[in-house]
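J.: Sequence:
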Amino acid sequence: MTNFPVINLEKLNGEERKHTMEKIKDACENWGFFELVNHGIPHDLMDTVERMTKEHYRKCMEERFKELMASKGLEAVQTEVKDMDWESTFHLRHLPESNISEIPDLIDEYRKVMKDFALRIEKLAEQLLDLLCENLGLEKGYLKKAFYGSRGPTFGTKVANYPPCPNPELVKGLRPHTDAGGIILLFQDDKVSGLQLLKDDQWVDVPPMRHSIVVNIGDQLEVITNGKYKSVEHRVIAQTDGTRMSIASFYNPGSDAVIYPAPELLEKEAEEKNQVYPKFVFEDYMKLYAKLKFQAKEPRFEAFKASNLDPIATV
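The UniProt record's numbering numbers the first residue of the sequence shown as 1 and each following residue consecutively.
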(Lines of atoms letter the chains of each structure in order from A and count residues from 1; the text may use other names and numbers.)
(Lines give C-alpha, C1' and ligand atoms only; values in the text may rest on other atoms or scores of the structure.)
Protein backbone atom coordinates (compact mmCIF):
# COMPACT_ATOMS: atom_id res chain seq x y z
CA MET A 1 0.00 0.00 0.00
CA THR A 2 1.31 3.44 -0.94
CA ASN A 3 2.19 5.67 1.99
CA PHE A 4 -0.67 7.68 3.46
CA PRO A 5 -0.50 11.24 2.00
CA VAL A 6 1.10 13.79 4.32
CA ILE A 7 1.08 17.42 3.13
CA ASN A 8 3.51 20.02 4.48
CA LEU A 9 1.60 23.30 4.11
CA GLU A 10 4.75 25.38 4.67
CA LYS A 11 5.96 24.21 1.26
CA LEU A 12 3.16 26.14 -0.45
CA ASN A 13 5.20 29.30 0.08
CA GLY A 14 8.35 28.22 -1.74
CA GLU A 15 9.60 26.60 -4.90
CA GLU A 16 7.94 23.33 -3.91
CA ARG A 17 4.46 24.85 -4.23
CA LYS A 18 3.69 23.10 -7.53
CA HIS A 19 4.74 19.70 -6.15
CA THR A 20 2.72 20.29 -2.95
CA MET A 21 -0.40 21.22 -4.94
CA GLU A 22 0.05 18.01 -6.97
CA LYS A 23 0.20 16.01 -3.73
CA ILE A 24 -3.05 17.62 -2.54
CA LYS A 25 -4.68 16.89 -5.92
CA ASP A 26 -3.57 13.26 -5.83
CA ALA A 27 -4.79 12.85 -2.23
CA CYS A 28 -8.22 14.30 -3.09
CA GLU A 29 -8.60 12.17 -6.22
CA ASN A 30 -7.20 8.88 -4.96
CA TRP A 31 -7.57 8.84 -1.19
CA GLY A 32 -10.29 11.27 -0.05
CA PHE A 33 -8.04 11.83 2.99
CA PHE A 34 -4.71 13.49 3.75
CA GLU A 35 -2.77 14.63 6.79
CA LEU A 36 -1.49 18.19 7.27
CA VAL A 37 1.68 19.24 9.05
CA ASN A 38 2.95 22.82 9.50
CA HIS A 39 -0.64 23.99 9.09
CA GLY A 40 -0.26 27.17 11.17
CA ILE A 41 -2.26 26.17 14.26
CA PRO A 42 0.08 26.68 17.25
CA HIS A 43 1.26 23.45 18.83
CA ASP A 44 0.88 24.83 22.34
CA LEU A 45 -2.82 25.54 21.63
CA MET A 46 -3.27 21.99 20.34
CA ASP A 47 -1.57 20.63 23.48
CA THR A 48 -3.93 22.67 25.67
CA VAL A 49 -7.00 21.51 23.71
CA GLU A 50 -5.88 17.89 24.07
CA ARG A 51 -5.12 18.18 27.78
CA MET A 52 -8.41 19.89 28.61
CA THR A 53 -10.46 17.55 26.41
CA LYS A 54 -9.00 14.51 28.15
CA GLU A 55 -9.48 16.10 31.58
CA HIS A 56 -13.10 16.90 30.77
CA TYR A 57 -13.73 13.31 29.68
CA ARG A 58 -12.20 11.85 32.85
CA LYS A 59 -14.06 14.23 35.16
CA CYS A 60 -17.45 14.50 33.49
CA MET A 61 -18.01 11.71 30.97
CA GLU A 62 -16.03 8.57 31.76
CA GLU A 63 -18.21 7.27 34.58
CA ARG A 64 -21.41 8.04 32.68
CA PHE A 65 -20.10 6.15 29.66
CA LYS A 66 -19.23 3.08 31.77
CA GLU A 67 -22.67 3.09 33.35
CA LEU A 68 -24.38 3.43 29.95
CA MET A 69 -22.41 0.56 28.39
CA ALA A 70 -23.05 -1.65 31.44
CA SER A 71 -26.78 -0.87 31.31
CA LYS A 72 -26.89 -1.95 27.66
CA GLY A 73 -24.94 -5.12 28.38
CA LEU A 74 -22.25 -4.22 25.87
CA GLU A 75 -19.33 -5.11 28.10
CA ALA A 76 -20.31 -8.78 28.05
CA VAL A 77 -21.57 -8.92 24.46
CA GLN A 78 -21.10 -12.26 22.63
CA THR A 79 -22.17 -11.37 19.08
CA GLU A 80 -21.38 -8.43 16.81
CA VAL A 81 -23.24 -5.20 17.65
CA LYS A 82 -24.39 -3.47 14.46
CA ASP A 83 -26.57 -0.65 15.79
CA MET A 84 -24.35 1.16 18.29
CA ASP A 85 -20.91 2.77 18.56
CA TRP A 86 -18.39 2.50 21.40
CA GLU A 87 -17.88 6.26 21.77
CA SER A 88 -18.58 9.09 24.20
CA THR A 89 -19.34 12.41 22.48
CA PHE A 90 -20.57 15.97 22.72
CA HIS A 91 -21.14 18.48 19.93
CA LEU A 92 -20.24 22.14 19.61
CA ARG A 93 -21.86 24.44 17.05
CA HIS A 94 -19.81 27.46 15.92
CA LEU A 95 -21.66 28.80 12.85
CA PRO A 96 -24.07 30.33 12.05
CA GLU A 97 -24.22 30.90 15.81
CA SER A 98 -22.32 29.29 18.67
CA ASN A 99 -23.88 27.06 21.32
CA ILE A 100 -20.65 26.66 23.29
CA SER A 101 -21.99 28.64 26.26
CA GLU A 102 -24.92 26.21 26.55
CA ILE A 103 -22.91 22.97 26.79
CA PRO A 104 -23.08 21.73 30.40
CA ASP A 105 -20.03 20.84 32.52
CA LEU A 106 -17.46 22.78 30.47
CA ILE A 107 -15.22 25.02 32.53
CA ASP A 108 -14.84 28.60 31.27
CA GLU A 109 -11.20 28.15 30.31
CA TYR A 110 -12.09 25.11 28.17
CA ARG A 111 -14.87 27.06 26.42
CA LYS A 112 -12.40 29.87 25.66
CA VAL A 113 -9.74 27.47 24.34
CA MET A 114 -12.24 25.63 22.11
CA LYS A 115 -13.51 28.93 20.69
CA ASP A 116 -9.96 29.94 19.78
CA PHE A 117 -9.23 26.52 18.28
CA ALA A 118 -12.47 26.57 16.24
CA LEU A 119 -11.66 30.00 14.76
CA ARG A 120 -8.28 28.72 13.59
CA ILE A 121 -9.76 25.50 12.18
CA GLU A 122 -12.40 27.55 10.33
CA LYS A 123 -9.69 29.69 8.75
CA LEU A 124 -7.70 26.59 7.78
CA ALA A 125 -10.80 24.97 6.24
CA GLU A 126 -11.39 28.06 4.08
CA GLN A 127 -7.72 28.09 3.03
CA LEU A 128 -8.01 24.44 2.00
CA LEU A 129 -11.21 25.07 0.03
CA ASP A 130 -9.36 27.71 -2.00
CA LEU A 131 -6.47 25.30 -2.63
CA LEU A 132 -9.02 22.78 -3.89
CA CYS A 133 -10.53 25.49 -6.14
CA GLU A 134 -7.08 26.16 -7.58
CA ASN A 135 -6.51 22.48 -8.33
CA LEU A 136 -9.98 22.10 -9.84
CA GLY A 137 -9.64 25.18 -12.05
CA LEU A 138 -12.48 26.96 -10.25
CA GLU A 139 -12.33 30.65 -9.37
CA LYS A 140 -10.98 31.43 -5.92
CA GLY A 141 -13.80 31.43 -3.38
CA TYR A 142 -16.13 29.26 -5.49
CA LEU A 143 -16.47 26.48 -2.91
CA LYS A 144 -16.96 28.85 0.01
CA LYS A 145 -19.65 30.64 -2.00
CA ALA A 146 -21.27 27.30 -2.91
CA PHE A 147 -21.50 26.51 0.81
CA TYR A 148 -22.79 29.92 1.81
CA GLY A 149 -26.58 29.78 1.63
CA SER A 150 -28.37 32.82 3.08
CA ARG A 151 -26.55 32.86 6.45
CA GLY A 152 -23.11 31.49 5.69
CA PRO A 153 -21.78 27.97 6.21
CA THR A 154 -22.59 25.66 9.10
CA PHE A 155 -19.56 24.75 11.15
CA GLY A 156 -19.39 22.51 14.18
CA THR A 157 -17.19 20.13 16.13
CA LYS A 158 -17.77 16.61 17.37
CA VAL A 159 -15.63 15.92 20.44
CA ALA A 160 -15.35 12.16 20.88
CA ASN A 161 -13.52 9.77 23.17
CA TYR A 162 -13.17 6.09 22.40
CA PRO A 163 -12.52 4.30 25.71
CA PRO A 164 -10.92 0.86 26.03
CA CYS A 165 -13.30 -1.83 24.82
CA PRO A 166 -13.30 -5.41 26.14
CA ASN A 167 -14.59 -6.83 22.82
CA PRO A 168 -13.29 -4.62 19.97
CA GLU A 169 -13.90 -7.38 17.43
CA LEU A 170 -17.65 -7.21 18.24
CA VAL A 171 -18.26 -3.48 18.83
CA LYS A 172 -16.96 -0.74 16.50
CA GLY A 173 -15.77 2.55 17.96
CA LEU A 174 -17.66 4.12 15.03
CA ARG A 175 -19.33 2.11 12.27
CA PRO A 176 -18.26 2.59 8.61
CA HIS A 177 -19.74 5.68 6.92
CA THR A 178 -18.94 8.62 4.69
CA ASP A 179 -19.27 12.16 6.05
CA ALA A 180 -22.32 14.05 4.81
CA GLY A 181 -20.86 17.54 4.77
CA GLY A 182 -18.19 19.55 3.03
CA ILE A 183 -14.64 19.35 4.34
CA ILE A 184 -13.72 17.75 7.66
CA LEU A 185 -10.66 18.63 9.76
CA LEU A 186 -9.69 16.21 12.51
CA PHE A 187 -7.34 16.65 15.46
CA GLN A 188 -6.81 13.08 16.63
CA ASP A 189 -4.94 11.34 19.41
CA ASP A 190 -1.31 10.76 18.52
CA LYS A 191 -0.87 7.82 20.91
CA VAL A 192 -4.02 5.69 20.54
CA SER A 193 -4.88 4.73 16.95
CA GLY A 194 -8.16 3.44 15.54
CA LEU A 195 -9.21 5.53 12.51
CA GLN A 196 -9.25 3.59 9.25
CA LEU A 197 -10.35 4.38 5.69
CA LEU A 198 -11.40 2.03 2.91
CA LYS A 199 -9.02 2.13 -0.06
CA ASP A 200 -9.06 -0.41 -2.89
CA ASP A 201 -11.32 -2.65 -0.77
CA GLN A 202 -8.82 -2.71 2.10
CA TRP A 203 -9.01 -0.97 5.47
CA VAL A 204 -5.98 1.33 5.85
CA ASP A 205 -4.88 2.96 9.12
CA VAL A 206 -4.82 6.77 9.26
CA PRO A 207 -1.52 7.16 11.12
CA PRO A 208 -1.58 9.10 14.40
CA MET A 209 0.94 11.97 14.10
CA ARG A 210 1.61 14.53 16.78
CA HIS A 211 0.23 18.01 16.01
CA SER A 212 -1.14 16.99 12.61
CA ILE A 213 -4.60 17.72 11.22
CA VAL A 214 -6.31 14.97 9.21
CA VAL A 215 -8.51 16.24 6.36
CA ASN A 216 -11.21 14.33 4.52
CA ILE A 217 -13.67 15.02 1.73
CA GLY A 218 -17.40 14.96 2.50
CA ASP A 219 -20.35 14.02 0.29
CA GLN A 220 -21.02 17.67 -0.68
CA LEU A 221 -17.58 18.10 -2.28
CA GLU A 222 -18.16 14.88 -4.20
CA VAL A 223 -21.36 16.38 -5.61
CA ILE A 224 -19.86 19.79 -6.42
CA THR A 225 -16.86 18.18 -8.19
CA ASN A 226 -19.20 15.74 -9.98
CA GLY A 227 -17.23 12.84 -8.54
CA LYS A 228 -13.71 14.07 -9.30
CA TYR A 229 -13.14 14.10 -5.54
CA LYS A 230 -14.93 11.39 -3.61
CA SER A 231 -15.98 11.03 0.02
CA VAL A 232 -14.47 7.83 1.40
CA GLU A 233 -15.89 5.28 3.81
CA HIS A 234 -14.09 5.26 7.15
CA ARG A 235 -14.52 3.78 10.62
CA VAL A 236 -13.01 3.74 14.11
CA ILE A 237 -11.78 0.47 15.55
CA ALA A 238 -12.17 0.24 19.32
CA GLN A 239 -8.99 -0.62 21.23
CA THR A 240 -8.46 -2.69 24.37
CA ASP A 241 -5.93 -0.21 25.81
CA GLY A 242 -6.04 3.57 26.07
CA THR A 243 -8.77 6.13 25.36
CA ARG A 244 -8.54 7.69 21.89
CA MET A 245 -9.40 11.39 21.58
CA SER A 246 -10.98 12.69 18.39
CA ILE A 247 -11.91 16.33 17.70
CA ALA A 248 -13.56 16.48 14.27
CA SER A 249 -14.62 19.86 12.87
CA PHE A 250 -17.13 19.90 10.01
CA TYR A 251 -17.15 22.86 7.62
CA ASN A 252 -20.47 22.32 5.84
CA PRO A 253 -22.88 24.18 3.59
CA GLY A 254 -25.52 26.41 5.15
CA SER A 255 -28.82 24.58 5.73
CA ASP A 256 -30.50 26.35 2.78
CA ALA A 257 -27.50 26.20 0.42
CA VAL A 258 -28.37 24.59 -2.92
CA ILE A 259 -25.69 22.06 -3.83
CA TYR A 260 -25.04 20.93 -7.41
CA PRO A 261 -22.07 20.10 -9.65
CA ALA A 262 -19.95 23.09 -10.68
CA PRO A 263 -20.86 23.72 -14.34
CA GLU A 264 -17.15 24.16 -15.20
CA LEU A 265 -16.46 20.60 -14.08
CA LEU A 266 -19.18 18.92 -16.11
CA GLU A 267 -18.11 17.07 -19.24
CA LYS A 268 -20.40 16.71 -22.23
CA GLU A 269 -19.95 12.94 -22.19
CA ALA A 270 -21.06 12.75 -18.55
CA GLU A 271 -24.10 14.91 -19.29
CA GLU A 272 -25.10 12.78 -22.28
CA LYS A 273 -24.87 9.59 -20.23
CA ASN A 274 -26.64 11.29 -17.30
CA GLN A 275 -23.60 10.69 -15.10
CA VAL A 276 -24.23 13.97 -13.34
CA TYR A 277 -24.68 14.27 -9.59
CA PRO A 278 -28.00 15.66 -8.33
CA LYS A 279 -29.00 19.12 -7.21
CA PHE A 280 -30.57 19.52 -3.75
CA VAL A 281 -30.89 21.71 -0.67
CA PHE A 282 -28.29 20.71 1.94
CA GLU A 283 -30.84 20.49 4.76
CA ASP A 284 -32.86 17.96 2.73
CA TYR A 285 -29.74 15.87 2.20
CA MET A 286 -29.01 15.90 5.93
CA LYS A 287 -32.53 14.67 6.73
CA LEU A 288 -31.99 11.68 4.45
CA TYR A 289 -28.46 11.13 5.79
CA ALA A 290 -29.74 11.00 9.37
CA LYS A 291 -31.72 7.88 8.43
CA LEU A 292 -29.09 6.26 6.21
CA LYS A 293 -25.72 7.34 7.67
CA PHE A 294 -24.31 3.82 8.00
CA GLN A 295 -25.41 2.71 4.53
CA ALA A 296 -23.80 3.26 1.14
CA LYS A 297 -23.88 6.87 -0.10
CA GLU A 298 -24.90 6.07 -3.69
CA PRO A 299 -28.62 5.49 -2.93
CA ARG A 300 -28.69 8.90 -1.22
CA PHE A 301 -27.49 10.56 -4.42
CA GLU A 302 -29.89 8.48 -6.53
CA ALA A 303 -32.83 9.51 -4.33
CA PHE A 304 -32.20 13.17 -5.21
CA LYS A 305 -31.61 12.41 -8.87
CA ALA A 306 -35.18 11.11 -8.92
CA SER A 307 -36.47 14.47 -7.68
CA ASN A 308 -37.50 17.20 -10.10
CA LEU A 309 -34.59 19.62 -9.56
CA ASP A 310 -32.59 20.12 -12.75
CA PRO A 311 -29.16 18.70 -11.82
CA ILE A 312 -27.11 21.30 -13.71
CA ALA A 313 -29.26 24.39 -13.55
CA THR A 314 -27.61 27.32 -11.80
CA VAL A 315 -29.32 29.08 -8.94
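Don't take each hint at face value.
[Unchecked claim] 30 Å max Cα-Cα, derived DSSO-like pairs, lysine-lysine:
no.: 1; residue 1: K11; residue 2: K297
no.: 2; residue 1: K18; residue 2: K158
no.: 3; residue 1: K287; residue 2: K23
no.: 4; residue 1: K25; residue 2: K199
no.: 5; residue 1: K158; residue 2: K140
no.: 6; residue 1: K82; residue 2: K11
no.: 7; residue 1: K291; residue 2: K11
no.: 8; residue 1: K140; residue 2: K54
no.: 9; residue 1: K23; residue 2: K112
no.: 10; residue 1: K18; residue 2: K230
no.: 11; residue 1: K199; residue 2: K297
no.: 12; residue 1: K228; residue 2: K158
Don't read these hints as lab results, they were simulated from the structure.
J.: Given the hinted pair K23 and K112, is their Cα-Cα distance within 30 Å?
T.: 35 Å, violated
J.: K82 and K11 were given as a pair; does the straight-line alpha-carbon distance stay at or below 30 Å?
T.: 43 Å, violated
J.: So if I understand the rule, the pair passes when the alpha-carbon distance is 30 Å or less; does K18 with K230 pass?
T.: 22 Å, holds
J.: Next pair to validate is K18 with K158; report whether the Cα-Cα distance is within 30 Å.
T.: 34 Å, violated
J.: CA of K11 to CA of K297, is that 30 Å or under?
T.: 35 Å, violated
J.: For the pair supplied as a hint, K140 and K54, confirm whether the alpha-carbon distance does not exceed 30 Å.
T.: 38 Å, violated
J.: Please work out if K287 and K23 have their alpha carbons no farther apart than 30 Å.
T.: Judged against 30 Å, a Cα distance of about 34 Å means the pair is violated.
J.: Regarding the pair K25 and K199, is the alpha-carbon distance no greater than 30 Å?
T.: 16 Å, holds
J.: Take the C-alpha atoms of K291 and K11, compute the straight-line distance between them, and say whether it is at most 30 Å.
T.: With a Cα-Cα distance of about 42 Å, the restraint between K291 and K11 is violated, given a limit of 30 Å.
J.: Hinted pair, alpha-carbon criterion (30 Å max): K158, K140. Please report holds or violated.
T.: 28 Å, holds
J.: Is it true that the CA of K199 sits at most 30 Å from the CA of K297?
T.: 16 Å, holds
J.: Hint check: K228 vs K158, CA-CA at most 30 Å. Holds or violated?
T.: 27 Å, holds
Consistency note: the structure conflicts with the earlier hints numbered 1, 2, 3, 6, 7, 8 and 9.
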